[in-house]
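Number of protein chains: 2
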Amino acid sequence: MLSKTRLKYIQTLGQKKFRDSEGLFIAEGPKIVEELLREENVKVKEVLALEEWIETHGSLAKKFNITSISSLELERISSLSSPNQVLAVLEQFPVKPVLATKGRFTLALDDIQDPGNMGTIIRLADWYGIDQLVCSTRSADIYNPKVVQSTMGSIARVNCYYTDLETWLGEQEMNIYAAVLNGRSIQDMPPLKEGIMIIGNESRGISESILKLVNEKLTIPKIGKAESLNAAVATGIILSHLLK
Amino acid sequence: MLSKTRLKYIQTLGQKKFRDSEGLFIAEGPKIVEELLREENVKVKEVLALEEWIETHGSLAKKFNITSISSLELERISSLSSPNQVLAVLEQFPVKPVLATKGRFTLALDDIQDPGNMGTIIRLADWYGIDQLVCSTRSADIYNPKVVQSTMGSIARVNCYYTDLETWLGEQEMNIYAAVLNGRSIQDMPPLKEGIMIIGNESRGISESILKLVNEKLTIPKIGKAESLNAAVATGIILSHLLK
Numbered sequence: 001m002l003s004k005t006r007l008k009y010i011q012t013l014g015q016k017k018f019r020d021s022e023g024l025f026i027a028e029g030p031k032i033v034e035e036l037l038r039e040e041n042v043k044v045k046e047v048l049a050l051e052e053w054i055e056t057h058g059s060l061a062k063k064f065n066i067t068s069i070s071s072l073e074l075e076r077i078s079s080l081s082s083p084n085q086v087l088a089v090l091e092q093f094p095v096k097p098v099l100a101t102k103g104r105f106t107l108a109l110d111d112i113q114d115p116g117n118m119g120t121i122i123r124l125a126d127w128y129g130i131d132q133l134v135c136s137t138r139s140a141d142i143y144n145p146k147v148v149q150s151t152m153g154s155i156a157r158v159n160c161y162y163t164d165l166e167t168w169l170g171e172q173e174m175n176i177y178a179a180v181l182n183g184r185s186i187q188d189m190p191p192l193k194e195g196i197m198i199i200g201n202e203s204r205g206i207s208e209s210i211l212k213l214v215n216e217k218l219t220i221p222k223i224g225k226a227e228s229l230n231a232a233v234a235t236g237i238i239l240s241h242l243l244k
Numbered sequence: 001m002l003s004k005t006r007l008k009y010i011q012t013l014g015q016k017k018f019r020d021s022e023g024l025f026i027a028e029g030p031k032i033v034e035e036l037l038r039e040e041n042v043k044v045k046e047v048l049a050l051e052e053w054i055e056t057h058g059s060l061a062k063k064f065n066i067t068s069i070s071s072l073e074l075e076r077i078s079s080l081s082s083p084n085q086v087l088a089v090l091e092q093f094p095v096k097p098v099l100a101t102k103g104r105f106t107l108a109l110d111d112i113q114d115p116g117n118m119g120t121i122i123r124l125a126d127w128y129g130i131d132q133l134v135c136s137t138r139s140a141d142i143y144n145p146k147v148v149q150s151t152m153g154s155i156a157r158v159n160c161y162y163t164d165l166e167t168w169l170g171e172q173e174m175n176i177y178a179a180v181l182n183g184r185s186i187q188d189m190p191p192l193k194e195g196i197m198i199i200g201n202e203s204r205g206i207s208e209s210i211l212k213l214v215n216e217k218l219t220i221p222k223i224g225k226a227e228s229l230n231a232a233v234a235t236g237i238i239l240s241h242l243l244k
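One line per chain: the protein sequences are E and H, in this order. FYI, our numbering numbers position 68 of the first sequence as 68, with every residue one higher than the one before it. FYI, our numbering numbers position 79 of the second sequence as 79, with every residue one higher than the one before it.
Because the hints were derived from the structure by calculation, they are not lab data. The structure displayed is predicted, hence computed values, not measured ones. There may be inaccurate statements among the hints.
For chains that are exact copies, the list does not tell them apart, and a pair is met inside one copy or across any two.
[Stated by the list, open to error] No farther apart than 16 Å at their CA atoms in a straight line, the calculated lysine to aspartate or glutamate pairs in the EDC-like style are these:
#: 1; residue 1: 222; residue 2: 141
#: 2; residue 1: 244; residue 2: 22
#: 3; residue 1: 102; residue 2: 91
#: 4; residue 1: 222; residue 2: 131
#: 5; residue 1: 193; residue 2: 35
#: 6; residue 1: 244; residue 2: 188
#: 7; residue 1: 4; residue 2: 216
#: 8; residue 1: 31; residue 2: 194
#: 9; residue 1: 16; residue 2: 173
Construct the complete structure from the given sequences, taking the supplied hints into account.
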């Protein structure tokens, strides 16, 4: 059973202010919780689960501070529309500044604001072996429950660093790429071993001041009529052509 | 001013049952509404907008049945978390069966269930000039407000046909492609002029019975550690390599 105080405490972690002051975040559902519990760099504060999850995860469950809760309690602390068996309270990852170095590919996000896009881009970076992401300070919070959910566990493998993107880009000695409407076709690009790829905001694209720092402008050729592509989808298409 | 009855009526269109029996659906926000109002094949039942939207869209507004509403009324009929100036009630598109013919590329969705993914795939199809989509009967409803929103207007340009996918595939005389974990790399594929590409469900992939009908299995090469990719992102990467 959860006390009223503990229930309230977990609910407050839905808000960025409280998450940050406590240094914690929440992951939910068997798939993502199990993946995160197995990651070495994930520090687990506590796990709250239905009896059925605890019974079927004996060996995993033994290692952590687990509380058995009822479906009703899970519903009250969950941010999902269909709460799913288990919720873990985890420590936020240490803040590690990012440097774009030789032989390494870095993604830079210029105000990606939709949590689903943010999480999907982190998952995508992980698929393509990119382990560092620089985010403008107005990008979605990686610890937002919807971001955590859509990373599908990749949040533990990609270092996400929030900073003033323009200043950071100005300090890097690497080629900077960006997708725009009239650049070089990504189909004609040779495979890249290093560099920084900027992904722009969902509605206004890449800021003018940041576009000035770009060395090469790229374009995803369009055959049909849609005005634009979803930001995470565009990121996927670009990475699949640059990193091969 | 909206009468209570009219307000309730519009609210019921949030549910599939009522949308289908009325043959209507809802689009919201200036960007998507303006794009849809300009499409020839979109039949407009009515437009409900704030006075400020009506004032700045005089010529567009004149052509349609427009009601001026208050922010409070918009909030009550909107399905968005931040209601945005205008809401249009539109007629559903006529049901047009799809046939995979020579020189034409068709997407087939095997239970895509997330409305955001569904809408993003429709937008993506439109970007790549694919004007027909076949959806298994358990795929998300294209008139779901979240689907409509994430198509960004492409819903008017892509014919989406719901049917028993296995039966439909069995009747087509075209190459059938599907993305799996151990197929031929999409990087090695020559450009395709025609065929059917199947996209599988977000968690269980493509059904066994449907996989048996596939002629060529394709794979998106993985460099890093993520277990899988988001379904819409995977669709984007595949199309960008097959249609060039």
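Quick rundown of the hints versus the structure:
1. 222 with 141: neither (31 Å within a copy, 26 Å between copies)
2. 244 with 22: neither (41 Å within a copy, 50 Å between copies)
3. 102 with 91: neither (31 Å within a copy, 55 Å between copies)
4. 222 with 131: between (29 Å within a copy, 14 Å between copies)
5. 193 with 35: neither (29 Å within a copy, 40 Å between copies)
6. 244 with 188: Cα proximity of residue 244 and residue 188: in one copy and across copies (13 Å, 11 Å).
7. 4 with 216: Neither, since 56 Å and 56 Å both go past 16 Å.
8. 31 with 194: neither (32 Å within a copy, 37 Å between copies)
9. 16 with 173: neither (33 Å within a copy, 54 Å between copies)
Consistency with the previously given hints fails for numbers 1, 2, 3, 5, 7, 8, 9, ordered from lowest to highest.
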